[in-house]
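Please take these sequences and the hints and turn them into a complete structure.
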Amino acid sequence: DVKVTQSSRYLVKRTGEKVFLECVQDMDHENMFWYRQDPGLGLRLIYFSYDVKMKEKGDIPEGYSVSREKKERFSLILESASTNQTSMYLCASSLSGTGEGYTFGSGTRLTVV
Amino acid sequence: GNSVTQMEGPVTLSEEAFLTINCTYTATGYPSLFWYVQYPGEGLQLLLKATKADDKGSNKGFEATYRKETTSFHLEKGSVQVSDSAVYFCALSDRGAGSYQLTFGKGTKLSVIP
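For the protein sequence lines, the chains are Z and P, in the order given.
First residue of the first sequence: 1, per this note's numbering; consecutive thereafter.
First residue of the second sequence: 1, per this note's numbering; consecutive thereafter.
Since the hints were derived computationally from the structure, they do not count as laboratory data.
Please note that a few of the clues may not be correct.
[As the list claims (entries may be wrong)] Partner residues aside, some chain Z positions facing chain P, computed with beta carbon under 7 Å: (1) VAL19; (2) GLY42; (3) LEU43; (4) GLY101; (5) TYR102; (6) PHE104; (7) GLY105; (8) SER106; (9) GLY107.
[Said to hold, decoys possible] The list that follows gives simulated cross-link-like pairs (lysine to any residue, SDA-like), each with its CA atoms no further than 25 Å apart: (10) LYS106(P) <-> ASP59(Z); (11) LYS77(P) <-> GLY29(P); (12) LYS106(P) <-> GLU100(Z); (13) LYS56(P) <-> ASN22(P).
Every residue gets a Cβ at the ideal spot worked out from N, C-alpha and C, and that includes glycine.
Put into structure tokens, the structure is as follows:
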């Protein structure tokens, strides 16, 4: 069964901490994405990557960075966590080309206190 | 640009009621259309998809037909169950514009009561 695995389901961090959210896929997908989901705002794209070592800003990249050193792994980094980054974070991957849709991980609920 | 508009929720139905969740889209090319479902505390799962006009996607009793003339992809189910309670997202992927990204609607929360 194909999978996107996010390393933590729940995470609590303190304001100012550097936070790493990890995502691994086993489907040899080229494309990977990070979203955050907040009530009333739907899914908002933070960053995405079409290939190893490539990254593109999404709609809300401020306060975040990403790393893609290997094809299967896409990490989201909160450089200095703030309370307004408390959210559900969703990772997804897809095969190049459209029509296939995304496969999502189970999500990480991050609380910054 | 591309956009997806879904009916606002929340939607509350009794078990065995008929469900319709409306979805309309704007796209510059020839989109594929998707419905995703998110159960409480989980990520999104692909529910069904359609890749060209007049295609019907179906899964788990849910159906949606790609209507190019009305730019719509409404989700329907004839008899909902409590286990269908979830958030439903409509999305499009536009091949014509060369984009690899999905554009999502804001989601519609469905609650089914016994």
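Structure-based check of all given hints:
1. VAL19: This hint is violated: VAL19(Z) lies away from chain P, its Cβ roughly 19 Å from the closest one there, beyond 7 Å.
2. GLY42: 4 Å, holds
3. LEU43: With a minimum Cβ separation of about 5 Å from chain P (threshold 7 Å), the hint on LEU43(Z) holds.
4. GLY101: Constraint on GLY101(Z) satisfied, holds at 5 Å.
5. TYR102: 6 Å, holds
6. PHE104: 4 Å, holds
7. GLY105: 5 Å, holds
8. SER106: With Cβ-Cβ at 5 Å, under 7 Å, it holds.
9. GLY107: Result: holds, 5 Å to nearest chain P Cβ.
10. LYS106(P) <-> ASP59(Z): At roughly 15 Å apart (the allowed maximum being 25 Å), ASP59(Z) and LYS106(P) satisfy the hint.
11. LYS77(P) <-> GLY29(P): 29 Å, violated
12. LYS106(P) <-> GLU100(Z): 20 Å, holds
13. LYS56(P) <-> ASN22(P): Holds - the C-alpha atoms of ASN22(P) and LYS56(P) are around 15 Å apart, at most 25 Å.
Checked against the numbered hints given earlier, this structure breaks hints 1 and 11; the rest are met.
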